[in-house]
Structures are given as structure tokens and as C-alpha cells.
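Sequence order for the protein chains is W and A. Residues in the first sequence are numbered consecutively from 1, following the working numbering. Residues in the second sequence are numbered consecutively from 10001, following the working numbering.
Calculated from the structure, these hints are not laboratory results. As the structure is a computational prediction, the values presented were derived from the model and not from experiment. The C-beta atom is built at its ideal place from N, Cα and C for all residues, glycine as well. The reader is advised that the hints may include incorrect statements.
Residues on chain W that point at chain A, a partial pick, calculated with CB under 10 Å [stated by the list, open to error]:
1. Lys32
2. Gln531
3. Thr565
4. Ile654
5. Gly667
6. Pro725
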Amino acid sequence: FQKDSRISGQVLDEQDHTQLPGVNVRIKGSNKGISTDATGHFAFAANAGAVLVFTYVGYETKEVTVSDKRNITVNLLKSNQGLNEVLVVGYGTQKKANVTGAIATLNAQHLDERPIARVDQALVGQMAGVQVKQISGAPGKGFQIKVRGTGSINAGTEPLYVIDGFPLEVASASASGGFSQGSALDNINPNDIASVQVLKDASAAAIYGSRAANGVVIITTKSGKAGRNRMEFNTYVGWQQTLKKLDMLSAEEWIDRAREIIDYNYVNPALGRLATDDPAVRRQKLGGFDFSKIYDARWYQPGHPGLRYVDWQDELFQKGLVHSYQLSASGGTDKVTYRISGDYLNQDGIVIYTGYKRYSFRSNVNLKVNDRINLGLNLAPSYGVVTDPGAEGKDAQLHKAVSATPIVEDSVGLETGVVPNARYAWASSTVSPVAVLREQMGEERTLRTLGSIYGDYKLFDGLVFKSTLNIDNADYRRKAFSPSIIRNGNPGTGSSRTFRKTTLVNENTLSYNKTFGSHDIAAVAGYSFNQTNFEEARIGGSNYSTDDIYTLNGATTLTLSDTYTRETKNVLISYFGRVQYGFRDKYLLSASIRRDGSSRFGANTKWGVFPAVSAGWRVLEEPFMKSIGAVSELKLRGSWGLSGNNNIGDFSQIGLLGFSNYVLGTGEGALVKGQTATNIPNPDLGWEKSETIDAGLDLGLFDNRIFLSFDYYRKLNTDLLLSIPVAAVTGFSTAITNIGKVRNKGWELELSTRNFTGAFEWTTNLNLSHNTNKVLQLGPNNTPIIFGNFDNMGHHITTVGQPIGAFYVLENIGILKTAAEAASSTIIPGEEAGDPKYLDANNDKVIDVKDAVILGQPDPTYVWGITNNFNYKGFDLSFLFQGQWGNKIYSTFGRAIDRQGSGISDNSLGIWRDRWRSEADPGNGIVPKANPIKYGRLKDSRWLYNASYFRLRTVTLGYNLSRLLKHIPGVNGGRIYMSAENVWGKDHYNGGFNPEAINDSGDDYGAFPLAKSYILGLNISF
Amino acid sequence: CTGKLDVKPISDPSVVNFYRNQQDFEQAVNAAYNGLSTYPTRHLFLSEIRSDNMYVPGEGGTYDWNPVNNFTVNSSNALMSSAWSDCYNTIMRCNSVLDNISADKVPDETVRNQFTGEAKFIRALMYFDLVRFFGGVPKIEHLVNVTAAQSINRASVQEIYDLIIADLESAAQLLPASYSGASKGRATLYAAKGILARVYLTRSGPVLLDKGPVLNSNEYAKARDLLLEIINSGKYVFINNYAQIFSYDNENNSESVFEVQFKSGGTGTGTVIPAEMLPGSYMRANKIPVASGNDFKYVSNDLISSYPAGDVRLTFNVIQGFTDENGNFVNQNYFKKFLDPKRYGVDLRDWGINQPVLRYTDVLLMYAETLLHTGGSQTAVDDIVNQVRTRAGLAAITGVNADTLLEERRREFAAEGLRWHDLVRTGKAVTVMNAWMAKEDEKKVMKPMKNEFILYPVPQTEINIKPGLYDQNAGY
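Build out the structure end to end from the sequences listed, making use of the hints.
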């Protein structure tokens, strides 16, 4: 028995040999441990034969047996490529090498070193098969995430989020873009995230049963590690501005177009009125004023006295300041580990008077009571404030600013239309968007608390019982007020909306992990109870007696239709189990089953069963592979599974009654209550089924310097919940039924390469995914579902053989350049020279809605991202490029800014410079005439744009300050960085701001542009 | 534990526990009346705008109603599908009452009869709209499910009329003669008889289209007798002040046989009619909250010039030019019949004014018309017309014939959604419209009126449900 004696050493990075400060060094089996100093050195007493365990975030754990050597050098290997990396799967963990399902992993290591406002933002472009759409550039708004294409037509398409084992309520993005009941990722601080994994195929996800069909996103937050206490401070500051401004007609060009229409209106029909008549003559001949037939004489006076020309976009966009501060501390002993963190983010929007603020806190504490019992508590309160007085969407101020008349009376300037100022006589009814944003109130505040308490008890070796109790409580409040001065002097209106969403989850599992010789067995069985309550209250008021008070006591009338409380609730009860078996780490098998009962399903279909199996073969472990030295990993995977989508609304199966009141009685009459059925009940309503087969290959070469994963999948979604069109003679136009079938198939490629190692390090991560979507079956007669707002015809079609929601419009083939061409072409009745020319698709010599053709689809067929990281002598540089192609976007915004016959007042896209003016001056042959039209407009392909884009999403240049800071007592390391987002890229979307925008019935009607940002940041660790 | 899965809707009532007692049925009947809230706009768009009373060719954009005016409407026009589905939704509400009501649920026979009569009256009103706008339509007398509905094709015009007449005759038996107090506004037996008379008049005219609503059935005498019953009932009084008939403070007056009831105040029971008829600039000048106006729904010059000098109905019904918010005089004509600028509710779509479906003046003028067709007294006819003219401030005339009667109806009922139906049932729709168009379509956007355009196209959405189930109307 030898006495403890002193051992010292240094810990270095195995590749670039940099010194690693703060590495935890511990003697195995004891609680003795220290951390390395700023130069990576350590020294303490240990016996020969003792095993030292070196652990460090982002590196693989290493064990070194103490020999006689008293001074050792330990090299740690970065763990991001390592197959020993442990992945969190549903209800357990698994070594990456042994995974048989399709799981995408986000390298979250450096998340805290990037200026990211939301977790969803961090996922953009990072994982194959995971499409993250930034549907709005408005600060604080949620993203839409789709895993392996669109699997549902009417039910939700958002994945299930599981944070530290807690499955959150699945929120559906509404057709108008946002998440009206909150997004699962609201208020979550990206700096608290340790890892993100996406379970893509049914074999990985089916353990989550009826909620797994759209994929499962598993988020693990950072926790403390035994050893030295660490503190980190991260901050950044910068600004953001709009990525894009739309090319609109200038004031002079607007006048040119307005005059053309005014003269046309004035001289047609010919009643002795001449285009040369000046305004006074016109007024006299018309017997009064008519802005559509009389122009403003000042337009043609030098310096247009009394008028001011305005670019409303310039007035609305701003450079917004962004700053953020985050502080965390972590550490612990063998008994207790902890990590606490706090963050403050303040982001001014790129549009005036918009912004986002977040305060969030998290505390993760784990307590080892004894060898058998482990207890933990995770608590994360947060508070977010989104300020948006109404910038985005149809008739919101961004739309107004783009389409507003670019001329105001100089005497009132930007305050046009604000009481007591009249609006300019030739302008639309728009009140100054600048004033509306300033005067209008729109503020959303969310206080959210996520909490989990858990305990596990080791019954005997390998068998552990675990119970968790989780709560997610979101309290949301929105207040809005519109004062009289921006309402033409009509009294103000206001509203208030609050909701509380509470999800309670209790899960109990029994897990068993044991190795018998060459046989590895891991099994888990469990029971889960989920309940979500949603309570909402709204008050709408009008006739405010003053503009000074926005609260609803200032209203003298309550709007009954907007004043109510509502509640809804759903319950999910589940039993589940899984067995994983491995033989010599070579042959891997996994099977799982879950049985879900949901309150959302019909009386006849309360329970569903969701099984899955998968197998893997690690070919590398076969003897014949030993001779092929270049191959460091080779695994074949295959899986089959069935999962469900229960995101179908809480009471869709029940025949509901709606209030349908009437008025009776003498005088003005009194309200009498009426009730009538609002839908057709369906006791057979159930979940949507999603059956996936997946075949995958993992290949590592040259010690995994090149690592490739390839997956092929076919996902068949059946029993789709369809709101099928039914004969209106039933009293209803649609009925909800489980009937449709959609297939997604595609492949995914992830490739990571370490191109250079050593002093200059260069790594590349590439992901590319391809998905095709095809509808196989719809309602009883496969009646196509045609939808889309405005103008008497839908412009989306969901029909058999085509992707979901394909674009369905008339194909524009130029314009009718001459009267002769109009006379000889097939046209819409009433069309004449200067109007658009359409393809007579069905060749029936009439252009009408039946000539609509399918032209493209809304979902991309290819989505990709590529990240390059460079490291050299403390400098690091990374680029993330990402993009998509194969899809289109329909700009219903075009209806406001690119419309024939839009009249005089509204402004139009800059392409209208090249419009058809006469047979002699036909413009570019694409843009039709501005003058009034004589035919019923149909939706055409002019507003359909290619939505492909690529973007340099992020570029970051950092410098490791460790060398500079090492002499400052207590400081352990640091990094300073500059980062820019969205600074470069290309898209083809000239009809709106953002090719991924969704804000009006699935389309873009005046979306917020994305922000281009420039950030300076600092990380310091203590 | 499984019991926890039986979560009942918390904030929505459900059909499971409905149609149990008198109170439930009263609410179900009220909901059927609520279905009438789209009646006035339907007749504004599909009758008034279609007719020579309004010139709405389309300016500053193309709206659903422009092709209706221009005779270029196609089967995908949203007004077609809303007319079709709004009527059938209301029919479903009526059928819910009729299928479920029974003596054990509503033991009081008088009440039960009233509910049944009301449901039949409203159902008949909806089928009468359907047959006039679309011709023979699927005949749905009971609640139908999705599958059953897919095998019900269009009935003949005659079959639909059979249902309408049976319903109205039954309603005339079941309904009370009048209501008092809180029940005022419900359908009476005279409302049923009056609508039935209008049905007979419609059927009796000359046939221009074999699948159309007019059958040349010569049922003027049946109509006459029904109308005489109403006149002789003593329940109605001719009001001698035209403006008083439409006053916000004089709803359900003695002139009213049946009107759709509205009330402003943000309760979702207001009407949009005044704002549908007037442009945004007029509304703004009158400080009425407006986001964007329903501009360019002009009253036709022809209607204006049809009023003799001194006709009080012209100044009451039509605004001829106005001063806009910038102080400029705008020389355009709009209907202001149902506007009282002081009486808007919470917004532009919320007005409390009831909308006439059948006025006593109409009963009188229809009666005069039946007299002309059944060889009645010319003096009686002249007296009725002169009563109306006197109220309008016009001199009496003699020798009223079908044409002068039609012209008087046009002036009297302008903006009330009757004009197109009057032209159709009198066989004048083609000649009158084409003559008017030649005069007034200065923009040259209108297509010639032809016999087929007496009906509208069956909505494309309905044809698509099961191709081949419904035939499209000729001409579309």
C-alpha cells in the first residue's frame, strides 16, 4: 500500500495542442478532484494505480491510470466527431455508434458564442431533413419547422418538442403565420442549450406515439459538472436593418401613372372631354370634384409647391439596436451539481416602434442522495415582451407603407390623415403608417415557467425506476389600442387578450440496462399522463372617451363579439416500452411500442397503437473489415415504424353548436339567443397515421476525418384528417374526416470533414436533403381541395398526384400588345389591348377559371446548409450558407402592389414603369396596362415567384482571448467575435420581402423582411 | 384512468344535449331567423345590382359584384357559392327544428305549431331564393349526411315550388296572426300568405327560359285572394310618410309584413347594408369609421330620371353628389335609403336598421297587379297606385297598366332588392336590360342580356363535389 504522492501534468487539445483550462480532473471512485489552471496545468496527490478521469465540455472523457510517472501530459480529443458521443433518445440515451434510427444532431457546442435570439433560429440550415422556415422577420416571432416534408394537410405539421425529457404541448402555426397559442420555443434562452437532436424516422420517434408523426425535437439543457465552479459571461451588441426594400414607383413615376389613368377616366366615354382640359375646366365639365378624373395642377409646377414626395419604406425602416447579456455559473461536488443562468436580450426591430425583450432564468440542480437515489429540479422562468403595433400582414402598416401614395401635403408632411389633418385628395384612405405605428399600441408579454422535478431509484443493479413531474405554464397578455387621431377622428378602439396555457406531465419509467458477455440489453417501460388546459379571455372595447387612456375602462362600449372567455382541455394517456439489443456492438436491434389514448379522438377510436422496429449492422466490427484500415466506421441501418399526429384540435369529433343570435321585439329590439350546429360530428375521428421506412448508411474514413451519413426514406401518411368539401345541401361546406393519403419520400446526406487538422484547422459540415411530396388520395371522389384568399378563385390545389397545396393559377403568357392581337386571341370576356394574355389550357376557346394550371409547389424539394469552421492560432472563422430550391411563393401581396386596375391612389411595384401604355408603346411585354380593366380578374402566374434562395446566414470571426486574459486573476478564458447575419445572398422574390413568408392564409401578404445584422460579442469565463 | 379521456367541450355547447325542450327549440328557431341575416345583401348583389337600378361596372378594382352587373358572371364567382350555401345552411337550421320537434319535447301545441310554422316559413323563403336564382335545386326536406347528399341531384323547378307552396300553406295554418312585445318580428300567417302570393305571381309570368322560375301558370287569382285576405285582416296600415317607413325609430311599423331584424352595438346582429351602398369617401366625410369603402356602386341615371320632379322618394332614396372630407364636391349618385349617419354601431358593418322583405305597400301593389291580370276594376288599380303616388308627392294618374305599375314599383322599392325579380317575373328582363344598357353602359363593359341569364350559374365548388351530380345551367 503506497502513500499518496504528488502528481502533476498538463492537459492539451489532441489536435492543435492548445492548453485546456478548467478541465475537471478526478480520481475515479472518489470525490477528490480539481480543475486545470489557465495554462492547462494541474497538480494533486494520487496513488499509483489510481485512475484519473479527465472530463471537459466538448471533449471526450479520458481515463489515465497513474503510473510511476509523476508528470504527465494528457491529450483530449474533441468529441463532436466521436462515435462515443451519447445521444438523447426518447426515455433514455444511446451511444451514437449504436443508433439504428434516423437522428439528426445539432452541434450546440458553440451556440453560446453566436448572437442568436431564439432556439429555432439556431437550427436554420444545420440538419438534413429539418427545414426551418423563418416566416417572419418581426422580432421575437416563432419559426416554422418541418421534418421530412409536409405530412399533413389540415392537422398540424410542427414537431413535438421535448425539453429535458418533458414533452411540451405541440403548437400549430396558424395559416396567418404566427403561433396564436404560443410556440414551444418561446422565451427559451439558446445559451442554456447543450444539445438538440431531431428524431426523424418513425423507429426513433414512435416511442412518442400519436404526437411523433412530424418528428420529435429533443432539447437538452446544460447542467453542472462536479468539479471547479465556473462562471461565464457573454454579451453582444450590434444593430440590424432590413435585408431588403421593395422597388416601388417613385413619386414622379406614380404621377406619370396616375395621370394616365385620370386622363383615361376623364375622356372615356367621349362626351366632349379632352385630355388637354386643365383641372379647372374638368371640374366645370364634371360638375364637381372627382379625383379619378381630375389631376393636381401642382404636380406640374416647378418644385411641386405645397406637396412633399415621400418614400414610406425609408420612413418605416430603421437601424435597430440589439444587445444581450448572459451570465451563468455551474459546478458541483460528487453529491450536488448545479448550473444557474440568467439572460437579458433587447432587440429593436428593423421597423420603427417594434422590438423584442427577453429576461430568462434557469436553474438545473441534481442531488445524489445516496448510491440508489437521485433527485433533481430544473426550473426556468422567463419573461418576453414583443412590441408590434401592427406592422405585418394584410392591411398592416408595412403593407400600407409599401402601397401608400408617395405624395403628401407639405403642410402636414408625414402626419397625413392624422386628425386634424386631412389626407391628400389623391391619396388612398391610408393614414400615415409612421403615425399609426407610433400612436397604436400592440404589445404581447409572456411569462413562462418550465419546471421539472424528478427522482430515480436504483432497485438493483441495472434496474432503475424514474418518476418525473413537469409543468409548463405560459401566461400571455396582449394589449392593443388604436386612438381616435389615426381613425379619422372616430373614437378609439382597444382590446385585451390573455391566455394561460398549462401543460402537466407525469411520467414513470422502469429501465433496465445490462451487459451479459457479448449481449447488451437496454429496456424501458413506462406510463405517461399529459394534460393541457388553455384558458383565454378577451375584451374588445370601442368609443373611447379619450385618447389618453388605453385601458378598457376608457371605452364606453364593449364589443360583445370580442369579449369572452374560453377554455379548452386535452388529455393524453400512454403506455410504452422499448427493447434495445446489441450483440458485440455489431448486430443491433431495437423495438418499441406505444399505446396512446387521447381525448381528441372520437368515441369509437379512443386508443391507438404505434409500433416500430429497427436494426443495424456495424460492418466495421466484422473480421473482414480489419484489413481495410481507411474505414473507421461502417454501419447499415434499417427501420420501420408507425407514428401518429393527434394535432387535430381539441373537439373536432363532436358536433358543436354555435351561438347564432337574432333580434326581436318592439323598438330597436332585443337580442334573443339562438344556437345551431356548426359542424358535422364524427365519432370515428382519429389520429393521422404515419408509416416510415428508412434505410441508412454511416461511413467514417481515416479516423472519421470524413464522416458521411446517408438516409433514404419513404413516409406514407394515411387517414389524414381532411376537411373535405361536401355538398352544401348538407348545410355545411366541409366535413372533417380521416381519409387522405400523402407520401413523402426523399434522401438526406450529412457530410462532415476535417479538412485540416493541426495548427490550422478547417472543418466542413454539409447537409443536403431532398424531399418529394405527393398526394395519393383525398375525399370520397378525390375532389380536389382548392383554397387561397381573394378574387373568386383559389390559387392552391391539393389534388391526387400533386404535392400538397400546389399552385393553381392561369398561366400568363405576356400581354395582348395590340387590339388585333386581342381580337385574334382567346381572352377573358372584356379583355382588350394592354391586358394580360393567358394560356387556354383546356383549349375550349374561353379563358376562365377552368384554365388554371398547376405551376409549382410551396415546399422546397431541396434544402441545404453548409458550415465551414476555421481555426488558427486563437482565431476562428465560420460561415454558414443555407438555402432551398424547387419551390415557389405566391404573393397575394401582389394584389395590393402589382394589380391591374388598382386605381390611382395606391403605389405599385417598380416594374410598372415598363407597363403597356399604347400599341405604339407596349412596354416590356410583361406588365399590362394601368388603365381600368373591363374584365373580371382571375389569378395568374404573374404573382407566382420562384422561392429558391441561398443566403450567407451567418459569418463569425472570433479571437480567443485566453492568452491575453490569463494574467487577470480569476479569469479563465475569453473570446471576442464579430458576427454578421444575412449579409449576402440571392433570391428571386420581387413581389415581397421574404421568400419564406407566411402571414395570410398560407401566403405572403406584406411580410416583415428579414434582418441583416452586425454584431460585436464577448465571452469571458471565470 | 380512461374516464379522464372523456373531455367534454367546455366553452362550446354540443348537439349531444340539445333539442330537448321548448327552450332549446326556441333557440333553434331563433338561429333559423339568424340565417336570414344574409338575405338583404344577397338581394342587393344578385337583384338590385343585376338590374337597371344600379350601374356597377367596376372601377378601382374588380369586385365580385361587377361581373353580376356586367352579365359576365361565371360559376366561380363567390356570390354564387355564398347564395347557394347560405340558403342551404339556413334550410339545415329549419330542418333541425322540423326533424327533431315532437309533442313530448314541446308539449304546448300553440308553441309547437308556431315553431314548426316559423321553420317552414323560413325554409320556403330560402327555397324561393334558390329557385329564383338557380332554378331547380336539390330538394332537401330533412337533415342529410355527407354520403346521402352525394346522391341527391337537382329537382325540377316544379318540385321545388311544390315544397315552397306546401311549406307556406302549412305556415299560414300554423302561425299566429300577429305578435306583441318581445316577439315582434317573428313570421305571421300574413307573412306566409304574402310570400305565397309573391310565389304565385312569379310563377304566373311569361316564360323566357324553360328551366327558369317563371311558369306561365296563370295563378293571379290565387295570389289575389291571398293578398285580399291580408288587406282585409286590418293588421296593416298604409303609412302616409315615405321616410317614416324606413326610420331607425319606427321598426316593425304598421307597414311591415315581414322584415329581417337587425340591431347595432357589436353584438354581431347588425347589418352592413348602408355601408355596402355608400362609398368610403362619403362615410369619412360623415365621420363614420371606415377602413376602405365599397366605392363605385352607383345608382343608375335611368332610375334617377324615372322619378318625376317632386318625387320625395328620389331625395330620400338617393344621394346625388356630396362634399368629401377635403371639401370637394363629388358628383356621384348612391343609395342612402337605409343610412342614418348618427346611428352606426361599433364599425362600418354594424347598423341597426331592419331590412324589408315584404311591405304592405308591396301587398297593395301586387294586389293591383293581380287585378289587372284577372279583369279587376281599373279604378281599384288606379286608387292603389295613386295612394302610393300621393305619398310620394306626385299627381294622381288614371288607366294604370302593367308597364306603369312596374315603373311605380321600381321607384317605390328602389334599393329593396325587388327590381330584378320584378323584371324576371313580368318577362321584361331581356328587353328592359338591353335597352337600358344601350343608353347607360358608357364604359361598354356589359354583355347583352339573354334569356339564360335569368338564372345564375350553379357554383363551381358544388359541381366539383361529385362531377356529374349537378348539371350546370345553360349559358354558363
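Hints versus structure:
1. Lys32: violated (48 Å)
2. Gln531: holds (8 Å)
3. Thr565: holds (8 Å)
4. Ile654: holds (5 Å)
5. Gly667: holds (7 Å)
6. Pro725: holds (6 Å)
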